[in-house]
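A.B. asks: Chain by chain, the residues:
There are 2 protein chains.
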Amino acid sequence: VTGNTNLDFIFNPRSAAIVGISANAEPNSTNTAATYLESFLSGGFSGPIYPINHKGGEIRGRKIYPNVKDVPGPLDYVICCIQAPFVPQLIKDCAAKGVKVVQFFTAGFTESETEKGRELQEEIVALARQGGIRLIGPNCMGVYCPGTGVSFAPDFPKESGKVGYICQSGGNAHFGIRYAVQRGVHFSKVVSYGNACDVDESDLLEYLTADPETEIIAVYIEGVKDGKRFVRALKEAVAVKPVIVLKGGRTDAGARAAASHTGTLAGSSRVWEGVLRQLGVATVNSVEELADLLVTFLYLPVPMCPRLGTIGISGGATVIATDVYSSAGLVLPHLPLEVQQELRRLVKSEAGLSFDNPVDISSSYYSSVNYHGFKILAECDRIDIALFHLPLSIMPRTHSLDTRAALWVLDHAVKVKKESNKPIGAVVYNIVGAEGWETALKCQELCHGVGIPVYFSIDSAAKAISRFVTYHERRETRRQ
Amino acid sequence: VTGNTNLDFIFNPRSAAIVGISANAEPNSTNTAATYLESFLSGGFSGPIYPINHKGGEIRGRKIYPNVKDVPGPLDYVICCIQAPFVPQLIKDCAAKGVKVVQFFTAGFTESETEKGRELQEEIVALARQGGIRLIGPNCMGVYCPGTGVSFAPDFPKESGKVGYICQSGGNAHFGIRYAVQRGVHFSKVVSYGNACDVDESDLLEYLTADPETEIIAVYIEGVKDGKRFVRALKEAVAVKPVIVLKGGRTDAGARAAASHTGTLAGSSRVWEGVLRQLGVATVNSVEELADLLVTFLYLPVPMCPRLGTIGISGGATVIATDVYSSAGLVLPHLPLEVQQELRRLVKSEAGLSFDNPVDISSSYYSSVNYHGFKILAECDRIDIALFHLPLSIMPRTHSLDTRAALWVLDHAVKVKKESNKPIGAVVYNIVGAEGWETALKCQELCHGVGIPVYFSIDSAAKAISRFVTYHERRETRRQ
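In order, the protein sequences belong to chains A and B. To convert a position in the first sequence, counted from 1, into our numbering, add 8. To convert a position in the second sequence, counted from 1, into our numbering, add 8.
With the rest of the complex left out, here is chain A (with noise of 0.2 Å):
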C-alpha cells in the first residue's frame, strides 16, 4: 500500500456494510450506525448495504448480519461504529470478506493520548496493511460522495458540485457542507478523516488534485503527519486548481485545542502561514468564511482587479460599506463626470443621492431607475467588479422589502448580468430576523442561477473578494 495510490475505489463501493448497528433503531434515533443507514438510503446508493450486529435482528425490515463475513454478496466498504476494543477482530473478520475500505466513526485511538490507544491503532493499521484494507479515520464522520449516495448525514443533498473538500474534524466536516449547501455550494467528495492512520491528508490532496469532477479544493487541517509531502501535494494542487485551507490551531491556544481533538501536533503558527502564503494557498478563518470565497470562486471570474463600483440606497450604510471595503485593500474608484452625469440624470433630486462611487440613488433603488443605474455601472471601464447593495430592512417592515420586493430589484440585477460582461456580485444584507433569513436565501438562489456570487454582509462581501483578488494577484506574480 503506497500513499499515492488511485482512491476512487473509496468513494465508488459496489456493498457497504455499516458494524454497531442497533436493531429496530428509530429513523431519528441518536444510534449513529442507524444514522449511516438512513444517509446512504436518502442519499441513493444503488448497491447493497448490510446492517451488522452479533445480535442480529431487524432494522427498517432489513436483516441484521451477525457479522460481515455472512454477508451473502462481495463487500467493498465497511462503516465501523462498534468500539474501539472490537476493532483488531473486525479488521481480521473484514480481510476475510476481502473489504477494500473501512471507514471508523469509532474512536478511542491516538486522540485520546493513551498508551493502550496509541497501541490499539497501531494495530489495526498493522492488520489493515496484512489484509489490504484501507482505513480511513479512525475518529471521523468519513465519505459523503453525492455522485454515488455515500454520505454521513441523510439531509445531505444528492446534487453533486464542484467543490472537494478534506476535513480533518467530523464537526466541521457536518457543519461546513450544511453551511455551504445553504449558501448554493455543492461537493463533488469530502472526506472527514479523523486521525489519518492510513488515508491521510497528503493521499486526500492528491487524489482531488487528480479528480476531474473537483475544480475547487477545500480544507480544515490541524495538523499533518508529514510536512514535507503534504507541502508538495499542496503544491501540486494549487499549480492546477483553487485551494483554501482553513487552518485549525493557528494560534498557540488553538493548538492545545488541536492536540486534544486529533492528537496532532499543529506545528508552529508562523510556519503555517508562511508555506501557506508562499504557496499561494487562499486561507480563511472560519467555515462561515470557506462558504462566502467558495462562492466567490465559484462564480467570479478570472483575472479580477480589486477595483469596486458599489451602487445602493442609504448614504450611512454606503459609508460604513466603503470604510469595510477599503480596510479590506479594495479600491473603490472614482466614476468618469460623464458616467456620473449620466446616473443623475436618471434619478429625481432627492436627500443624500451621491453619483460618484460609491452611487446612492437613495429611494430610486427601489424603481425600474435601478436596472439603469446598475448597467451604467456595471458598463463603466474604471471598474473591474460591480457590487449591487441590497439592505432588506432599512425602511419601516410596513413597506420596507419583502420577498417579492426584493427579488424584484434583483431581476434587473439578473438583465444587466445578461447583457453585461462585467463580473457582478449581490450583497443582500441589513438582515433581520428569520423572515429576513428567508428572503435573503431566495435572493441567492435567483443571483446565483446566473452567475451572481452573492453575500450577506459587506464584511463578508469585502473579505472573500479581497481574498480572492489576493490569490489571484499572487498567482499572476509567481507567473512572471
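No lab work stands behind these hints, which were simulated from the structure alone. Incorrect hints may have been included.
Copies of the same chain look alike in the list, so a pair counts if it works inside one copy or between any two.
To be verified - Keeping only pairs whose Cα atoms sit at most 20 Å apart, straight-line, the calculated SDA-like set for lysine to any residue is: (1) K423 / G64; (2) K426 / H62; (3) K356 / L128; (4) K356 / I90; (5) K356 / N39; (6) K108 / K170; (7) K124 / V279; (8) K166 / V440; (9) K71 / N32; (10) K430 / V339; (11) K450 / V440; (12) K450 / N20; (13) K356 / T38; (14) K233 / L354; (15) K383 / V458; (16) K124 / R352; (17) K77 / H62.
As the structure is a computational prediction, the values presented were derived from the model and not from experiment.
Following the hints, position chain B against chain A.
C.D. replies: Quick look at chain B alone, frame taken from chain A:
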C-alpha cells in the same frame, strides 16, 4: 438659543403635526408623512396628531388641516415632509403658531453640495432662531422615544430601554434600531439628526449624558461641526456612562462617501482614532458589531477580566473558536487538574474529548451532564467569564438541535447562572437557514431574561467581549 439647553421638550411634545401628508394615503403606502402618522399612532403617542396639507382632505378619518396655523390646540412638534423650497414659509407659520420643534425629513440643503441648498439651510436656521424654534435635521428621520410614542417607524417597539442612540444617518438609525431590537436591546431615546443645522451631535450627547433614562450611549457619526466641543462632550459622557462610537468615514474612501451623504467633513481618520482611544470610547465598525457590544454592556458585569473558559461540543469547532478568541486578545487559561478530573468523571470515554480549557464534552453536551459541566466551569477560580457554546448544525438535521432541544440545553445554563455569581455568556452558532435563526432568537430570549448575553457567532462573541474587556482595562488605567 444655546447648545446646552435641556432638550426634554423634544422628546415630550404635547401635540404633533405632520406636514406634507397625502390625503387617503394607505397605511402601507410609501408616503413618508403617512408613515410618520402610523408610527405615532402605533407608538401610542398620547397627544393630538394633526395631518397637514394645503389641499386639505382626510386621512384615516382624520381631518387634514391646510396649515399648521389652522390647528385647533397648541402645537409643540412639527414633522416636515414637504419639498425644501417650501420650508421657509413653514418655519414662519410654525413661529406664528408657537411651535417648539421642527424635524425635517425634507432634504436638499447643505448635503446637496449646492449653493442654493446651503443658502436655504442658512435661511431656515435664521428664521427658526427668530421664532424660538429648535430644528432637527434637515435630511433625517428624527426622533424615536418609546416612552412618549414619538417615532419614525410603525414597527419599532413601545418598550423603552437603557440605550440612547445618536445617529447622523437615517438608514443607520432605521437598521440600527431594528437590528438591536432583534438582539434584545431597547432604547431610551434615538435621534437621527442628519445635517444638524441647529440641534447637533454635541447638544444630543450632552443631553444623553445627563438623561437618567439612558445608561449606555451609542453614536453613529460621520463628522462634527465643532470638534473641540464634541470632544469635551464625549469626555464628560464617558466619565459617567459607557459610550460606543461607530465612526462613518474612517477611511479616505469612506470619508469621501460621507461628504456626499451628510455634507460634513469626516476629518482625519487617524485623528479620530487617536481621540476616541484616548478618551476611552469603545469603537465598532458596523451596526451589527454595535448591537453585539450593546448586548455585552447590558448583560456582563464589571469589572471584567479577560480569562475566558469555554465548554462545547465538536473538536473542530472548539479549535476554531480558540483561535478566534485568542486572536482577539482573550486568554484561555489551563484549568486546574482537579477541575479537569471533576469534568472527566462526568463523561464516559468518548471521541475527541478535552477536559482542559477549551472544554469539549462531545455529545454528553446534549445530556443533563451539561448542567454539571457548565457549573464546574463557571465556578472555576481561574475563569473570569464562562462561555457556553451551543452549535445548532453539527449533527444531521434528523437528530439535530431543533428549538426544543436547544432550549433544553440552555435551561441548564440558566440554572447555573442563577446559582453562580460568575459572568456567563452563550454562543448559539452554526446557524443554518431561517429555522436556525428562529431557534437562535428563542435561545436569546431565554438567556437575556436571566442576564446571559447571547452571541450568534464565535467571531462576534470574540470581538464584543474583547472590546468590553479593553474598555474596562482602559478605564482602570486612567483611574490609576
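A.B. asks: Next step is simple, just say for each hint if it's right about the structure.
C.D. replies: Evaluation of the provided hints:
For the identical chains of this complex, K423 and G64 are neighbours neither inside a copy (60 Å) nor across copies (43 Å), given an alpha-carbon limit of 20 Å. Taking identical chains as interchangeable, the C-alpha atoms of K426 and H62 are never at most 20 Å apart, the minima being 60 Å within one chain and 47 Å between chains. For the homomeric pair K356 and L128, the shortest alpha-carbon distance between copies (19 Å) is at most 20 Å, but the shortest distance inside one copy (76 Å) is not. Proximity of K356 to I90 under the C-alpha cut-off of 20 Å is restricted to the inter-copy arrangement: shortest distance 15 Å between copies versus 71 Å within a copy.
In the homo-oligomer, the alpha carbons of K356 and N39 lie at most 20 Å apart only across protomers (16 Å), although the nearest pairing inside one protomer, at 64 Å, exceeds that limit. Taking the shortest Cα distances, K108 and K170 never come within 20 Å of each other, neither inside one copy (26 Å) nor across copies (64 Å). For a Cα distance limit of 20 Å, the shortest separation of K124 from V279 qualifies neither inside one copy, at 32 Å, nor across copies, at 61 Å. In this assembly of identical chains, K166 and V440 lie within 20 Å of each other by CA distance solely across copies; the values are 18 Å between and 31 Å within a copy.
With identical chains, the CA atoms of K71 and N32 are at most 20 Å apart within one copy only, with a shortest distance of 11 Å there and 72 Å across copies. Taking the shortest alpha-carbon separations for K430 and V339, only the intra-copy value of 16 Å comes in at or below 20 Å, while the best inter-copy value is 46 Å. Both within a single protomer and between protomers do K450 and V440 lie at most 20 Å apart by alpha-carbon distance, with minima of 15 Å and 14 Å respectively. Proximity of K450 and N20 under a CA criterion of 20 Å is satisfied in neither setting, with 34 Å inside one chain copy and 43 Å between copies.
In this assembly of identical chains, the alpha carbons of K356 and T38 lie at most 20 Å apart only when taken from different copies (16 Å versus 61 Å within one copy). Taking CA atoms no more than 20 Å apart as the test, K233 paired with L354 passes in neither setting, with 61 Å inside one copy and 32 Å between copies. Taking the shortest alpha-carbon separations for K383 and V458, only the intra-copy value of 16 Å comes in at or below 20 Å, while the best inter-copy value is 51 Å. Within a single copy, K124 and R352 get their C-alpha atoms only as close as 75 Å, which misses the 20 Å cut-off; across copies the closest is 18 Å, which meets it.
For the homomeric pair K77 and H62, the shortest alpha-carbon distance inside one copy (11 Å) is at most 20 Å, but the shortest distance between copies (92 Å) is not.
The structure shown violates the earlier hints numbered 1, 2, 6, 7, 12 and 14.
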